[in-house]
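Starting from the structure of chain C, add chain L where the hints point.
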Amino acid sequence: MKISLDWLSEHVEVNSDPSALADLLTMAGLEVESVERIGGTLDGVVVGSVIEAGRHPNADRLSLCKVDVGNPEPLQIVCGAPNVSAGQKVAVATIGSTITVPDQKQPGRAVALKIKRSKIRGEYSEGMICAEDELGVGEDHDGILVLQADAPVGAPVRDVLVQSGQPVGDVVLDIAITPNRPDATSHVGVARDVAALTKAELRTPQPVPPSQAGSVEERVSVVVEAPNGCPRFAAMVVEGVNVVESPKWMQARLRAVGLRPRNNVVDITNYVMLELGQPLHAYDLDKLVGEQIVVRESKSETRFVTLDEKERTVPVGTMMVWDGEREIGIGGVMGGMNTEVSDDTTRVLVEGAYWNPAMIRRTSKQLGLQTDASYRFERGVDSAGQARAVARAGELIAETGGGVLVDGMIHVGEPDTRRTVTLRLSQIERHLGLALPHNEVSELLTAIGFGISVTDDPGVIACAVPTFRPDVEREIDIIEEVARLRGYASFPMPEATRVPNFAPEERLEDQTMDALHSVLVGAGYREIFTNSLISEDTAGRFQASELTGLLGKPVVTVNAITSEMTTLRPSLLAGALPVLQFNANRGQDLLRFFETGNVFATNPQDTSGAVAGYSERTDLLLVAAGPKRRRSFDDAPDNYDYYDVKGAVQSIARKLRIDIAFSDTLPDTKLFEAGQMIVLDGNNVGFVGQLSAEIANEFGVNAPVNCAELDLSAIIASRSRERVQYQATSRHPVVERDLAVVVSKETSAGHLLKTTLNAGGKLMRGAEIFDVYEGKGIPSGQKSVAISMRFGSDRTLTDGEVDAAVANVVSALQKRHAGELRA
Amino acid sequence: MAEIDDVVRELRTEIESADIGSPDAAETFRIKYLGQKRGLINDLMKRIPEVAPGQRRDFGQSVNALKKLAESRVAAAKKAAEAAPGAAKFDVTLPGREPLVGSLHPITQTRNAILRIFERYGFHVAEGPELEDEWHNFTALNFPSNHPARDMQDTLFVSPSDDGDSGVLLRTHTSPAQIRILKNQPPPVRVVVPGRVYRNEAITYKSYCLFHQVEGLYVDTQVTLGDLHYILRTFSRAIFGSDVRMRFRPNYFPFTEPSAEVDIWFANPDHPGGGRWLEILGCGMVDPNVLRAVDIDPEVYSGYAFGMGIERIAMLRYGIDDIRVLYENDVRFLDQF
Numbered sequence: 107m108k109i110s111l112d113w114l115s116e117h118v119e120v121n122s123d124p125s126a127l128a129d130l131l132t133m134a135g136l137e138v139e140s141v142e143r144i145g146g147t148l149d150g151v152v153v154g155s156v157i158e159a160g161r162h163p164n165a166d167r168l169s170l171c172k173v174d175v176g177n178p179e180p181l182q183i184v185c186g187a188p189n190v191s192a193g194q195k196v197a198v199a200t201i202g203s204t205i206t207v208p209d210q211k212q213p214g215r216a217v218a219l220k221i222k223r224s225k226i227r228g229e230y231s232e233g234m235i236c237a238e239d240e241l242g243v244g245e246d247h248d249g250i251l252v253l254q255a256d257a258p259v260g261a262p263v264r265d266v267l268v269q270s271g272q273p274v275g276d277v278v279l280d281i282a283i284t285p286n287r288p289d290a291t292s293h294v295g296v297a298r299d300v301a302a303l304t305k306a307e308l309r310t311p312q313p314v315p316p317s318q319a320g321s322v323e324e325r326v327s328v329v330v331e332a333p334n335g336c337p338r339f340a341a342m343v344v345e346g347v348n349v350v351e352s353p354k355w356m357q358a359r360l361r362a363v364g365l366r367p368r369n370n371v372v373d374i375t376n377y378v379m380l381e382l383g384q385p386l387h388a389y390d391l392d393k394l395v396g397e398q399i400v401v402r403e404s405k406s407e408t409r410f411v412t413l414d415e416k417e418r419t420v421p422v423g424t425m426m427v428w429d430g431e432r433e434i435g436i437g438g439v440m441g442g443m444n445t446e447v448s449d450d451t452t453r454v455l456v457e458g459a460y461w462n463p464a465m466i467r468r469t470s471k472q473l474g475l476q477t478d479a480s481y482r483f484e485r486g487v488d489s490a491g492q493a494r495a496v497a498r499a500g501e502l503i504a505e506t507g508g509g510v511l512v513d514g515m516i517h518v519g520e521p522d523t524r525r526t527v528t529l530r531l532s533q534i535e536r537h538l539g540l541a542l543p544h545n546e547v548s549e550l551l552t553a554i555g556f557g558i559s560v561t562d563d564p565g566v567i568a569c570a571v572p573t574f575r576p577d578v579e580r581e582i583d584i585i586e587e588v589a590r591l592r593g594y595a596s597f598p599m600p601e602a603t604r605v606p607n608f609a610p611e612e613r614l615e616d617q618t619m620d621a622l623h624s625v626l627v628g629a630g631y632r633e634i635f636t637n638s639l640i641s642e643d644t645a646g647r648f649q650a651s652e653l654t655g656l657l658g659k660p661v662v663t664v665n666a667i668t669s670e671m672t673t674l675r676p677s678l679l680a681g682a683l684p685v686l687q688f689n690a691n692r693g694q695d696l697l698r699f700f701e702t703g704n705v706f707a708t709n710p711q712d713t714s715g716a717v718a719g720y721s722e723r724t725d726l727l728l729v730a731a732g733p734k735r736r737r738s739f740d741d742a743p744d745n746y747d748y749y750d751v752k753g754a755v756q757s758i759a760r761k762l763r764i765d766i767a768f769s770d771t772l773p774d775t776k777l778f779e780a781g782q783m784i785v786l787d788g789n790n791v792g793f794v795g796q797l798s799a800e801i802a803n804e805f806g807v808n809a810p811v812n813c814a815e816l817d818l819s820a821i822i823a824s825r826s827r828e829r830v831q832y833q834a835t836s837r838h839p840v841v842e843r844d845l846a847v848v849v850s851k852e853t854s855a856g857h858l859l860k861t862t863l864n865a866g867g868k869l870m871r872g873a874e875i876f877d878v879y880e881g882k883g884i885p886s887g888q889k890s891v892a893i894s895m896r897f898g899s900d901r902t903l904t905d906g907e908v909d910a911a912v913a914n915v916v917s918a919l920q921k922r923h924a925g926e927l928r929a
Numbered sequence: 315m316a317e318i319d320d321v322v323r324e325l326r327t328e329i330e331s332a333d334i335g336s337p338d339a340a341e342t343f344r345i346k347y348l349g350q351k352r353g354l355i356n357d358l359m360k361r362i363p364e365v366a367p368g369q370r371r372d373f374g375q376s377v378n379a380l381k382k383l384a385e386s387r388v389a390a391a392k393k394a395a396e397a398a399p400g401a402a403k404f405d406v407t408l409p410g411r412e413p414l415v416g417s418l419h420p421i422t423q424t425r426n427a428i429l430r431i432f433e434r435y436g437f438h439v440a441e442g443p444e445l446e447d448e449w450h451n452f453t454a455l456n457f458p459s460n461h462p463a464r465d466m467q468d469t470l471f472v473s474p475s476d477d478g479d480s481g482v483l484l485r486t487h488t489s490p491a492q493i494r495i496l497k498n499q500p501p502p503v504r505v506v507v508p509g510r511v512y513r514n515e516a517i518t519y520k521s522y523c524l525f526h527q528v529e530g531l532y533v534d535t536q537v538t539l540g541d542l543h544y545i546l547r548t549f550s551r552a553i554f555g556s557d558v559r560m561r562f563r564p565n566y567f568p569f570t571e572p573s574a575e576v577d578i579w580f581a582n583p584d585h586p587g588g589g590r591w592l593e594i595l596g597c598g599m600v601d602p603n604v605l606r607a608v609d610i611d612p613e614v615y616s617g618y619a620f621g622m623g624i625e626r627i628a629m630l631r632y633g634i635d636d637i638r639v640l641y642e643n644d645v646r647f648l649d650q651f
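Heads up: the sequence lines are chains C and L, in that order. Take 107 as the starting number for the first sequence in this note's numbering and just add one per residue. Take 315 as the starting number for the second sequence in this note's numbering and just add one per residue.
Next comes chain C alone, as it looks inside the complex (with noise of 0.2 Å):
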């Protein structure tokens, strides 16, 4: 909402420069977002008598001036415009003035321009004559600005166009307008605000409402069928119109707030609503075919064409204006092109009602068309404000000479009355913990146009609701008003705060969030967030509910911007992608991230959930691509591959204390060259595996990409608050044996060492595999699995122990896998 200053102060004097009451007001709740200074100031640009306009000797298009400006001299002036000529006074900018000029390669925007003594095509010119767009105070620039022919030689023109009724330069600040503060719409509304924070009387214009009925009900009739959706419809006549341009300063004041005049009978509806909130509509009475407006809600779906020149489809349940033979506007959006006020009309009915306002909003969403006035309809205007609004465009439009008014006023529906509501003062402490005397409320409320009255309990005050704060229904309602008026931070802030008398268990969802980023940190990934929205395509591509357990289609919203953004990720895998892609476009090979982050299915059997019907749950993924390390003077790394990943997976789950095992293959997909299914008490947790090469490439990573995702939900659900018992390390040697033993090139690895680790009995501590050899020295088709064995007790062990065990993993491996030790 953009508020003139100049404007405002007809409403309440200002005395602070526009910063201070920009803050005054944001700190009581209307938001100044920016403060303008439009136009420039003028200093430097006077009155000036055309002595002599002859043609410019080098120009055709020029015109060569005298211009007498109270010097000694008169000024020699190149002019460009086609009306100069002798005997006019004019606007000079003289030399050293800094006047605001229109932007030509930036319309509708100014820039500073700072006049100097110049040579125009041979000839000096020592100022310029102005036009008025050069002097802030019109768009014409087809010629230059002239003055009242009294104006005095040498006075500053600002002082001539003031004293003319043309305000010379304005600021305008833009305030933030909340959706409670329906009565802040208007410069009278914003000007009580200011009345009531500085202590000033407040100047609002009281028209007299010309009685009802009277000859205005001779010209037309006005019936409300639906007075559920127009409880009361006000209107006035005014014949004998003569459509002209509205007055300079009401059409810099609407310039100045960001309208475009039109004429006078649109810029005075505009004004008024501008000025007191009540949106107001203009019609040719000339143009209803019936001499009637009927109010009523449309029936049917209906073909409309609105002012803007739009046809509308206008749904069924809107409020729509009729004039016994077709409709004419849209109730509280948009009038009718059949109905326009137009140059060659000559009666007008205007028209001031007040719309329901949830209607007003359905109507606005469904036709996806707001207006300045179903913005101020939806959040409600003044519910008395109608007739006055009437009256006071019925006023200018006599004022300004556009027309006669035809007596009286059409009123239909009962006026509002104000509600009251009760304020218990001890309810203010109770908030905002300060207690607050009875006539200080009293003072800041009836300052904003509430009306105070005292009740049998000295404790409990009455307030009557003004009619244009149709937010203001309850008590918390009033403290905050109280609140806001006094300055939130006059309230005391505490000496001590209470704190709770226990301090919280951390959760597992922390302490897990922990763990995992300290692994995952210092094993060299780096975090990502990604957009959990990709294209309904991807979602399907990537799904893969074999691997992750997230059953269900993809959930799809239903009004996303664009189609790269309608759907909820059902895994992270296709969010990284992108990300590899996006790196590895920019020249980075060193690719190791992971992301944590909801993924979503639709899946009706699922009600666990908060919304019954969708599976929601958070999921961890690791992606790697390209070397182990940066490279280094002696070192050339090798590519971080599926085991790295796969010991990142194995690293989590140790340091989380979970015990996961991996399966021997994985469903297939086509996403994937390889991996394997991660388990976790017997259920599947995720999976590790390494993309189809296909896949990488297309998202222009040329190394192996690996990656695994978890439903960290899950795990985090199977983990347990026990603490880390200490096992005292032992005391006694460990053993350590190798051995070496030929298989098939087929058989698993994992499963040699799983059969190792069974076979070893009691004294066994660990195994890992240390060598896997194909080649020489190997028969064909078979492979050698080097695996070093740990034997261990509380005491110390001897060589026959160890090697009864050791015989018996050989054993074990020759039975399970026809293993041969090799030699």
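One thing to keep in mind: the hints can contain errors.
[Stated by the list, open to error] Below, simulated EDC-like cross-link-like pairs (lysine to aspartate or glutamate); rule was C-alpha separation at most 20 Å, straight line: (1) C:K734 / L:D333; (2) C:K471 / L:D479; (3) L:K520 / L:D635; (4) L:K381 / L:E412; (5) C:K471 / L:D477; (6) L:K403 / C:D740; (7) L:K346 / L:D333; (8) C:K734 / L:E412; (9) C:K471 / L:D468; (10) L:K520 / C:E139; (11) C:K734 / L:D557; (12) C:K471 / L:D372; (13) C:K471 / L:D333; (14) C:K471 / L:D465.
Quick caveat, the hints were computed from the structure, so don't treat them as lab data. Computed from a predicted model, the values in this text were never measured in an experiment.
Below, chain L alone, put in the same frame as chain C:
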């Protein structure tokens, strides 16, 4: 004979006293006395025929002793030279091998910084779902159906409903967690809720279709606007420094009354005295209708709530001027945190 004994004696004195502090001098010394062809000690050995046969054995021993002495001096000089600074056994000037260390995203770091401050004040952490229903996201938070307040947050619907309660949407703020928590836990409640929220907005340098918030909620007896002002001032100091300029100004949110926003002053280093206020969070006293929606008596309990955008604060902390870089995940960006 006596002559040759003198030569041995002189040579011994020379060898003992020679200055071989520098590597060059040591090498000259080695060549002069120990050189294979013209070394003085070898020369001496060649003169053995001059010595009487009976004394040749003694002579040989003396020359050997000389040789050992010279060798030990050379060895000592070499050792001394090696111990000297600048003469290393390997090239220490090669750069070290830095282990690859990962990083936490600036959003996570900022989130954690915010949570830590409130945890010190006894807030505990809770979370809520991102997929919500309209009742929790709007209705219970006192957003009337068909009210412009619902336009304050452009909503992404999964399935909208006509009654304004049962539609499914992506939460537009973390505030529905207030409802879920208060329904499950009687006051006093002191909780912070971090999480991802969604807005149906075009992606530009200043807005993204999703962002992260931290919601705070405190419900107890005797909670006032002053308490809210205090905790937020404390927070602002902790996160932006103790000399922060902050303002606490009225605003509107349907679920708080009175409502406020907090702005922080960011000075413009190029213009003395210049700068601007930037909003960092919205807050207010929990609206009585919200308490009623979760069966808490607003005549007994009051509370405050606040919600802040983590990206906003991260951008202000780190001087990031385009929200999109947070979601690009450029390694060169991530590496800076």
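Checked hints:
Restraint check: the Cα-Cα separation between K734 of chain C and D333 of chain L comes to about 54 Å, which exceeds 20 Å; the hinted pair is violated. Among the hinted pairs, K471 of chain C with D479 of chain L is consistent with the structure: their alpha-carbon atoms are about 18 Å apart, no more than 20 Å. With a C-alpha separation of about 8 Å, the suggested pairing of K520 of chain L with D635 of chain L holds against the 20 Å cut-off. As the CA atoms of K381 of chain L and E412 of chain L are separated by approximately 50 Å, the hinted pair breaks the 20 Å bound.
Proximity of K471 of chain C to D477 of chain L is assessed by CA-CA distance (about 16 Å); at most 20 Å being required, the pair is judged to hold. Our distance criterion of 20 Å between C-alpha atoms is met by K403 of chain L and D740 of chain C, whose separation comes to about 17 Å. Between K346 of chain L and D333 of chain L the CA atoms are separated by roughly 13 Å; this keeps the pair inside 20 Å, and the hint holds. Pair hint K734 of chain C plus E412 of chain L holds up; C-alpha atoms about 12 Å apart against a cutoff of 20 Å.
Under the criterion of a C-alpha separation no larger than 20 Å, the hint pairing K471 of chain C with D468 of chain L is consistent with the structure, at around 13 Å. Note on K520 of chain L and E139 of chain C: the hinted pairing holds, with a Cα-Cα distance of about 16 Å set against a maximum of 20 Å. About 45 Å separates the Cα atoms of K734 of chain C and D557 of chain L, which puts this hinted pair outside 20 Å; it is violated. For the hint linking K471 of chain C to D372 of chain L, the alpha-carbon distance of about 122 Å lies beyond 20 Å, and the restraint is violated.
Taking the CA atoms of K471 of chain C and D333 of chain L, the gap is near 101 Å; set against the 20 Å cutoff, the hint is violated. Taking the CA atoms of K471 of chain C and D465 of chain L, the gap is about 10 Å. The hint holds against a cut of 20 Å.
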